[in-house]
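*Asks:* Chains as they are written, first to last, in my numbering: chain A, 19 to 305; chain B, 19 to 305; chain C, 19 to 305; chain D, 19 to 305.
Honestly, the hints are just simulated from the structure, not real lab data.
There could be a bad hint or two in this list.
For identical chains, the list gives no copy identity; a pair is met inside one copy or between any two copies.
Only pairs whose alpha carbons sit at most 30 angstroms apart, straight line, appear in this in silico BS3-like list of lysine-lysine [stated by the list, open to error]:
(1) LYS169 <-> LYS61
(2) LYS103 <-> LYS61
(3) LYS61 <-> LYS175
(4) LYS126 <-> LYS113
(5) LYS103 <-> LYS169
(6) LYS221 <-> LYS104
(7) LYS221 <-> LYS300
(8) LYS104 <-> LYS61
(9) LYS224 <-> LYS61
(10) LYS103 <-> LYS221
(11) LYS61 <-> LYS126
(12) LYS61 <-> LYS287
Read off the chains here:
There are 4 protein chains.
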Amino acid sequence: HPEYILTLSCLDQRGIVHRVSGFLADHGCNIIDSAQFGDAQSKLFFMRVHFSLEDAGVSDEQLRGDFAALGDTMQMNWQLHDAHKKPRMLIMVSKIGHCLNDLLFRYKSGLLPVEIPAIVSNHTDFYQLSASYNIPFHHLPLAPGASAAAKRTQEDKVLEIVRDCDIDLVVLARYMQILSPEMCAALKGKAINIHHSFLPSFKGAKPYYQAHDRGVKLIGATAHFVTSDLDEGPIIEQDVERVDHSMGPDTLTAIGRDVECVVLARAVKWFVEQRILQNGHKTVVFR
Amino acid sequence: HPEYILTLSCLDQRGIVHRVSGFLADHGCNIIDSAQFGDAQSKLFFMRVHFSLEDAGVSDEQLRGDFAALGDTMQMNWQLHDAHKKPRMLIMVSKIGHCLNDLLFRYKSGLLPVEIPAIVSNHTDFYQLSASYNIPFHHLPLAPGASAAAKRTQEDKVLEIVRDCDIDLVVLARYMQILSPEMCAALKGKAINIHHSFLPSFKGAKPYYQAHDRGVKLIGATAHFVTSDLDEGPIIEQDVERVDHSMGPDTLTAIGRDVECVVLARAVKWFVEQRILQNGHKTVVFR
Amino acid sequence: HPEYILTLSCLDQRGIVHRVSGFLADHGCNIIDSAQFGDAQSKLFFMRVHFSLEDAGVSDEQLRGDFAALGDTMQMNWQLHDAHKKPRMLIMVSKIGHCLNDLLFRYKSGLLPVEIPAIVSNHTDFYQLSASYNIPFHHLPLAPGASAAAKRTQEDKVLEIVRDCDIDLVVLARYMQILSPEMCAALKGKAINIHHSFLPSFKGAKPYYQAHDRGVKLIGATAHFVTSDLDEGPIIEQDVERVDHSMGPDTLTAIGRDVECVVLARAVKWFVEQRILQNGHKTVVFR
Amino acid sequence: HPEYILTLSCLDQRGIVHRVSGFLADHGCNIIDSAQFGDAQSKLFFMRVHFSLEDAGVSDEQLRGDFAALGDTMQMNWQLHDAHKKPRMLIMVSKIGHCLNDLLFRYKSGLLPVEIPAIVSNHTDFYQLSASYNIPFHHLPLAPGASAAAKRTQEDKVLEIVRDCDIDLVVLARYMQILSPEMCAALKGKAINIHHSFLPSFKGAKPYYQAHDRGVKLIGATAHFVTSDLDEGPIIEQDVERVDHSMGPDTLTAIGRDVECVVLARAVKWFVEQRILQNGHKTVVFR
């Protein structure tokens with residue numbers, strides 16, 4: 019049977035679950051997994067339903083058309099994803115490659131059901147690694163202190179790849195360039211960054227040095243959606259590891275890398291499985 | 019409005035969510051929170067719905083009667099709890115009181131919405147602590163090496179308190195007596211024990227000594243339902259803490275106590291909020 | 019045998035360990051436990067040695083006098099504590115008592131080897147709890163919006179208790195008043211506060227509300243020395259717990275309380291065992 | 019300056035630290051880092067000292083010769099490692115490669131200071147991955163149900179590689195063959211295995227299936243020295259991750275893999291840095 023994942027949000031109101039489950043029953047669909055959340059603060063309701071379409075007489079087109087009508091009635095923001103279609107992911111990286119290597123291995127071993135049609139870097143360090151996975155590598159350099167215009171030119175090339183490769187998700191796997199507001203706008207809701215601190219602590223550059231200097235006893239990492247407010251995008255996932263006074267910035271950095279890999283991998287997997295819904299500047303994650 | 023928590027399990031089949039949500043809509047109920055889970059292995063479906071009854075014309079009696087009909091049709095195992103009614107909890111303890119003290123303080127500060135009509139102990143160590151919370155303390159001693167008959171006599175007194183006080187939940191907060199099979203049967207599904215290891219490791223006596231002897235790098239605690247298979251009951255919650263070679267059994271014991279308090283408190287809270295459903299020898303916990 | 023804990027810091031230089039261990043050997047002392055740390059950044063060396071004095075011919079006075087000479091030679095900042103003498107601890111609390119209750123129970127069950135000669139509060143909520151442990155309770159109220167002068171008067175009363183009771187450690191166990199710079203100076207190095215966030219995130223008031231608003235996926239607590247820079251004192255211990263989108267500020271607060279208890283209890287225990295040395299605005303903790 | 023790491027164990031006795039630190043001072047050595055531990059149970063004393071030899075007049079030979087004399091006097095079990103010499107590591111793997119991939123990337127990025135002269139597998143799945151790192155790959159197959167003699171023949175080839183490549187550490191990175199007692203004896207103290215459960219829970223095969231069946235709320239991994247008692251070797255490191263009822267064995271397996279990578283990588287790093295000392299069937303880890 020075809021399988022779908024439906025995600026939706028709308029103003030909270032009585033009977034949403036009933037109407038959605040009724041729609042699915044009427045269209046010969048069987049719910050495999052379902053989760054919902056009503057935010058008391060924003061008065062928004064969020065839902066994710068994984069279902070199989072078991073009635074061969076119902077077409078994909080009919081399902082989408084009929085749901086659009088329901089969605090209109092209830093003023094829903096909704097998406098219907100083919101559960102068997104692998105999202106297409108672009109990875110961007112600079113000179114630190116542990117997250118890239120981790121994502122590539124998960125992809126190759128089938129743990130991350132995505133297509134990766136392109137890797138973009140402003141450096142050449144990971145050309146060979148990309149080649150060993152047979153993934154096209156695009157070297158789009160940016161000189162230190164490049165002008166805004168030069169940056170826009172480089173970013174336009176990235177966006178061209180996004181368009182040409184039909185990219186669903188851009189992952190900044192330690193890509194050490196600040197994106198322009200235009201670029202952020204173009205990638206809104208589909209770019210995930212890994213920041214090497216437990217935000218909102220230690221925003222900005224060199225967070226492990228900041229953490230060492232402050233003498234914290236835990237260090238961490240944060241995966242978040244990219245927005246034009248640097249390090250302020252909606253948080254998707256965070257984790258931490260214990261450290262102590264005897265560890266210098268280099269040790270913190272090494273320990274932190276393991277946390278970054280795992281946190282980013284979780285965020286990407288949840289995105290791919292349509293488990294993340296945005297709720298203003300926050301996220302709902304149906305794990 | 020009156021609020022209810024409905025918990026149910028039945029064989030998985032198409033349309034359960036739809037029929038339950040339809041029932042609630044038809045009876046003027048608004049879903050506040052809902053969670054469900056289908057176990058692919060046992061083919062059982064589990065659901066918990068928290069809802070408010072907003073139609074003043076629908077009585078408690080009518081709601082229960084009508085749902086019984088639906089439950090029969092679908093061969094559900096179900097319970098409908100008044101969300102505002104505090105469960106009545108009996109705590110049993112021996113000579114180690116950190117879990118008792120922790121539960122009592124949560125109760126007093128309103129973090130644990132229960133009534134505690136009685137505390138039972140085979141020792142007198144915590145009589146004054148119980149008195150300071152104004153909770154009746156029952157000293158029901160058991161001589162070391164007491165006969166099975168003597169144990170049954172003592173246990174019957176406990177069960178009498180359970181009946182007289184209309185107890186919904188018995189918490190073994192480091193009660194260091196093995197319950198007889200009859201007692202386990204009498205308390206089936208409503209007695210929670212805290213075991214001081216991450217089960218199934220280190221079953222039986224002195225788990226922190228076993229852990230020290232084995233040289234593990236993590237120690238933990240497990241809250242589980244009481245069954246006649248010692249330390250084999252359905253696991254509700256577990257947690258661990260890191261330890262190292264420099265720590266002797268006493269230090270492990272001290273560190274473990276903090277884990278025990280938190281793990282038991284979570285299990286009790288989830289029970290009280292009707293979040294735990296039994297699935298054979300396992301649990302479904304809708305956190 | 020008498021037991022001592024020696025803590026020291028000085029400029030890093032060759033032979034410190036050798037000279038200290040030589041001193042102990044010459045004075046009939048046996049090392050039970052020893053730890054050291056050289057900070058590459060500050061060029062300071064830190065050491066903690068737990069030893070027993072096994073030569074009955076060496077007096078406490080002689081040991082201290084002789085070590086003073088060595089300490090002078092190497093320009094050490096050092097302290098020699100009688101390991102069997104219980105530190106004297108003052109607890110301050112306002113209207114939220116989980117940390118107070120937790121510390122009192124650890125004290126009573128012998129897990130925290132301290133004397134508690136006094137509890138101070140600006141409210142009366144925990145008078146009865148204090149009385150149940152037979153500890154003198156001092157109600158020193160502060161009107162909302164009290165003048166700086168009124169605050170100084172109240173603080174002077176606290177300091178009088180500190181003096182009269184010969185207090186070694188002041189624990190702010192959710193004491194919701196900002197101490198004046200004078201008070202901070204008077205308690206320098208011997209006052210520990212528990213802050214309900216993983217600092218440096220969410221400084222200031224209502225951290226769980228800030229955390230909820232930011233949508234973080236972990237919440238935490240921080241125990242730190244009190245300094246006049248609010249929430250900027252040297253961090254002693256931190257921990258976190260996982261949360262998700264479905265939890266409101268109240269739930270975050272409840273979850274956070276368990277973290278606060280454990281984090282504060284660890285910090286207090288380490289202080290009592292002379293495991294914490296200050297290194298500028300950071301701490302060295304010999305766990 | 020040359021740097022060394024000295025590790026030693028001996029019966030606990032007064033003055034060990036003093037004599038070792040005296041030896042080092044007399045030989046123009048400066049202690050960079052030092053840790054010690056006295057086991058109250060086994061009465062053994064363990065020490066690790068990282069030092070630099072700053073007196074150009076003292077040769078490596080003289081240092082070793084003189085320490086041998088001290089070691090004899092105190093009946094020490096000791097080793098003196100050149101801190102700049104990279105240990106030589108052999109990785110063994112079967113068909114599951116996340117740990118191999120993780121170790122290779124750490125090696126390549128300089129996070130793991132080792133030489134890797136060979137990779138051995140009973141399958142060919144990771145030939146290309148090995149080749150992309152330019153490391154010789156040895157395919158030493160073992161037919162299912164191979165005889166003990168066939169296994170010994172295959173193992174002898176492994177031991178030949180160990181000898182020829184001068185291997186210091188053999189890492190079983192998900193190598194799914196049980197080693198013969200002879201092989202275990204030959205690799206005593208220098209072979210580390212990763213087991214995919216928090217031992218001693220779920221020994222033997224398919225631990226994630228066992229964990230799922232038991233309904234535990236945490237799953238984990240354990241790195242341990244290989245001994246002929248299967249899954250009973252001295253534990254070096256463990257960690258866990260939280261799981262819940264909704265996760266099937268496949269999800270547990272996927273989550274567990276991340277834990278395995280990190281746990282094994284820590285154990286290998288500590289071995290390489292000479293931080294692990296065996297204490298009977300347990301380990302002392304000077305982190």
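*Asks:* All the hints need checking, so say for each whether the structure fits it.
*Replies:* Hints, verified against the model:
For the homomeric pair LYS169 and LYS61, neither the shortest alpha-carbon distance inside one copy (40 angstroms) nor that between copies (43 angstroms) is at most 30 angstroms. In this assembly of identical chains, the alpha carbons of LYS103 and LYS61 lie at most 30 angstroms apart only when taken from different copies (27 angstroms versus 32 angstroms within one copy). For a Cα distance limit of 30 angstroms, the shortest separation of LYS61 from LYS175 qualifies neither inside one copy, at 40 angstroms, nor across copies, at 49 angstroms. In this homomeric assembly, LYS126 and LYS113 come within 30 angstroms of each other (Cα to Cα) both inside a single copy, at 22 angstroms, and across copies, at 13 angstroms.
Within a single copy, LYS103 and LYS169 get their C-alpha atoms no closer than 33 angstroms, and across copies no closer than 44 angstroms, so neither meets the 30 angstroms cut-off. Within a single copy, LYS221 and LYS104 get their C-alpha atoms no closer than 33 angstroms, and across copies no closer than 36 angstroms, so neither meets the 30 angstroms cut-off. In this assembly of identical chains, LYS221 and LYS300 lie within 30 angstroms of each other by CA distance both inside one copy and across copies; the values are 17 angstroms within and 20 angstroms between. Proximity of LYS104 to LYS61 under the C-alpha cut-off of 30 angstroms is restricted to the inter-copy arrangement: shortest distance 28 angstroms between copies versus 33 angstroms within a copy.
In this assembly of identical chains, the alpha carbons of LYS224 and LYS61 lie at most 30 angstroms apart only when taken from different copies (23 angstroms versus 38 angstroms within one copy). Taking the shortest Cα distances, LYS103 and LYS221 never come within 30 angstroms of each other, neither inside one copy (36 angstroms) nor across copies (38 angstroms). Neither within a single protomer nor between protomers do LYS61 and LYS126 lie at most 30 angstroms apart by alpha-carbon distance, with minima of 41 angstroms and 32 angstroms respectively. Taking the shortest Cα distances, LYS61 and LYS287 sit within 30 angstroms of each other both inside one copy (28 angstroms) and across copies (26 angstroms).
Of the hints listed earlier, those the structure fails to meet are numbers 1, 3, 5, 6, 10 and 11, in rising order.
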